[in-house]
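Peer 1: As given, the protein sequences belong to chains G and X, one line each in that order.
Under this note's numbering, the first residue of the first sequence is numbered 1, with each subsequent residue one higher.
Under this note's numbering, the first residue of the second sequence is numbered 1001, with each subsequent residue one higher.
Treat each hint with caution, since some may be false.
Unchecked claim - As a list, the in silico DSSO-like pairs of lysine-lysine whose alpha-carbon atoms are at most 30 Å apart:
id	chain 1	residue 1	chain 2	residue 2
1	X	Lys1131	X	Lys1158
2	G	Lys94	X	Lys1133
3	X	Lys1304	G	Lys87
4	X	Lys1118	G	Lys114
5	X	Lys1077	G	Lys98
6	X	Lys1317	G	Lys107
7	X	Lys1077	G	Lys240
8	G	Lys240	X	Lys1304
Stated by the list, open to error - Here are some of the chain X residues that sit facing chain G, going by a computed Cβ distance under 8 Å:
id	residue
9	Ala1022
10	Ile1024
11	Phe1092
12	Leu1095
13	Pro1174
14	Ile1176
15	Glu1179
16	Gly1182
17	Arg1185
18	Ile1187
19	Phe1192
20	Ala1256
21	Ile1273
If you're looking for bench data, these hints aren't it; they were derived computationally from the structure.
The structure displayed is predicted, hence computed values, not measured ones.
Note that CB positions come from ideal geometry on N, CA and C, so glycine has one too.
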Amino acid sequence: MAKTERREWNGYSLKPRKDMPEGLWTKCPGCEHMLYKSAVEKNLNVCPECDYHFRIDAETRIGYLVDEGSFEEILSDLTTSDPLDFKFRGTTYKERVKTDEKEAGAKEAIRVGKGFIKGRGIVLGVMEPNFLMGSMGYVVGEKVCAAVDKALAEKLPLVIVCCSGGARMHEGVVSLGQMAKTSAALAKFDEVGGLYICVLTDPTTGGVTASFAMLGDCLIAEPGAMIGFAGRRTIAETIKVELPEGFQTAEFMLEHGFVDMIVHRRDLRSEIARLIDYCRK
Amino acid sequence: MALSKNNKIGDGDYLEFEQKVADIDRQMDELRRLSSAKGIDYSAEIRRLQRKQVAELKRVYSNLTAWQIVQVARHPKRPLLTDYLNLMVKDFHELHGDRCFGDDCAIVTGFGQIGREKVLVVGQNKGRTTKEKIACNFGCPNPEGYRKAIAKMKFAAKFGIPIVTLIDTPGAYPGIEAEERGQARAIAVNLFEMSRLPVPIICICIGEGGSGGALGIGVGDRLAMLEFAYYSVISPEGCAAILWRDGSQAPDAAQALKLTSRDLQKLKLIDEIIPEPLGGAHRNIHDTVYNVERYIVRTLSVLKRTKVENLLENRYKKLRAIGSDTAGLLRTKTKAIKIDIKAAAPAASGKSKRIPAKV
């Protein structure tokens, strides 16, 4: 009896609290510490205690990567048009897009444009995890291809920061086709000797992993990022075995030889700059 | 690889929407049994029933729902890759192994002759018997399968041999080992390389076209589908489990995903529908294979006459058009696209014209 009472009373405990006031504090999913939000934000949205990398939206990411004020976005007003007329559970794809547009403050799951990293010109694409899980519809495919075209035309390195749940179901085979489309564009880019650096962040899965995310000349992963092809639940259901700890993480991918390096968020900028310097002709 | 010669539809092979057809079959069997046992001539009656059955099949198969088509595509008696290899490909020489890890039976590759053309056949095999099914992993390829496919395709391309791929898979295998060996990378590389192989590539979806697993051997100059095959970004069950939060809503999901050949043709995502015989491919394997063969021969003769540069340029344009100018999908107000890409075009690679998305 005393036990339950003690659990309820959590007033002066130094142990991490389970509930938290809105806004000011946040709980780190990695170490379960209560963290002061602005301290986390100052630390590039990385937990100061355990280096857990929080998911960040495209705008923040661009801010972390490029030189201040140097990002010129292209195709920012491109929006999807529901090619399949997709309806599910009494709602529609279009409505889902509208709510996500409001919540995420983004028009699509990727933003592309030209910018500078420590004075080196790049074409940058950053995916937006809050917009329909960062999934790849045809607008994402089109924007990635446009970024490749721009990099080709201006002879700049291409950097894409992936963060996606995969192909977008609501667009059916149209979204599946974007895997082929982006890969074909990257094949052209490869032929003329363009440098393509891909940064894999949490999560990079499904159709995005199986197309442009894995085709970088250099693949950089963020620590602890979930990177894989099939979803964990699908795998668990298919083989009916519990998945090992650390399965499909960045460290797992490094161990099995599918990424070049794991780079902390604070070093990402300088690492990309260094790679560009090495590959400059 | 035994040929499934006996494709008689038995008692367990009727789909749930074919009950009337099954009843008529039962009646005919009964009459045949009676006529042989008692020596009474029921041939007129049997002919009448046959006519009735044909009419019924026509009625059913002209109004199939998306979910029913998925069931036809998964029918256990549906012709498999082995049937095509036996009936359509002369002098087939199988090539094994990915030179990295192993040999995946879910993807079969080999040289052969279709019509009078030497080709490389790449296809996904599901297996007919239980033993075969286990050996082929039920048609779900592992990374080594995709690596084998691209290795053999590069081999064929080196000697100018056209490639025919036959797609029939529920999807790439989702397993721990598959992830460890880089399923995603294997598929990505296939898409990347197939988009620039300098030989004609014809892709035909003969049964199930399951997501990235199908696309991994499905990038080429032409994409055709059998009438009652399906091609989808996710299995209807998977889609229902995620969006409907209930796997049993698969029929609705199948409808919404627009995964049938007719829908995909309307969306201009496939080039041609290859007709199936009355009552689906499983009722007449020979006719099905013959239709596929005729399509391949006809298409190859066109593609072989195309210069390699044009072939590659057309293929690239076709891939780039997916979801942009094909169905006029990009909404207007995209002046930015036009300016950016057009401005980019001349400097891009000298002579080749880049395609701006037509709006």
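Peer 1: A separate judgement is required for each hint: does it hold in the structure or not?
Peer 2: Okay, the hints, checked on the actual structure:
no. : hint                  : in the structure
1   : Lys1131/X / Lys1158/X : violated, 36 Å
2   : Lys94/G / Lys1133/X   : violated, 41 Å
3   : Lys1304/X / Lys87/G   : violated, 43 Å
4   : Lys1118/X / Lys114/G  : violated, 47 Å
5   : Lys1077/X / Lys98/G   : violated, 45 Å
6   : Lys1317/X / Lys107/G  : holds, 26 Å
7   : Lys1077/X / Lys240/G  : holds, 28 Å
8   : Lys240/G / Lys1304/X  : violated, 48 Å
9   : Ala1022               : violated, 33 Å
10  : Ile1024               : violated, 36 Å
11  : Phe1092               : violated, 28 Å
12  : Leu1095               : violated, 24 Å
13  : Pro1174               : holds, 3 Å
14  : Ile1176               : holds, 7 Å
15  : Glu1179               : holds, 6 Å
16  : Gly1182               : holds, 5 Å
17  : Arg1185               : holds, 4 Å
18  : Ile1187               : holds, 4 Å
19  : Phe1192               : holds, 5 Å
20  : Ala1256               : holds, 5 Å
21  : Ile1273               : violated, 14 Å
Of the hints listed earlier, those the structure fails to meet are numbers 1, 2, 3, 4, 5, 8, 9, 10, 11, 12 and 21, in rising order.
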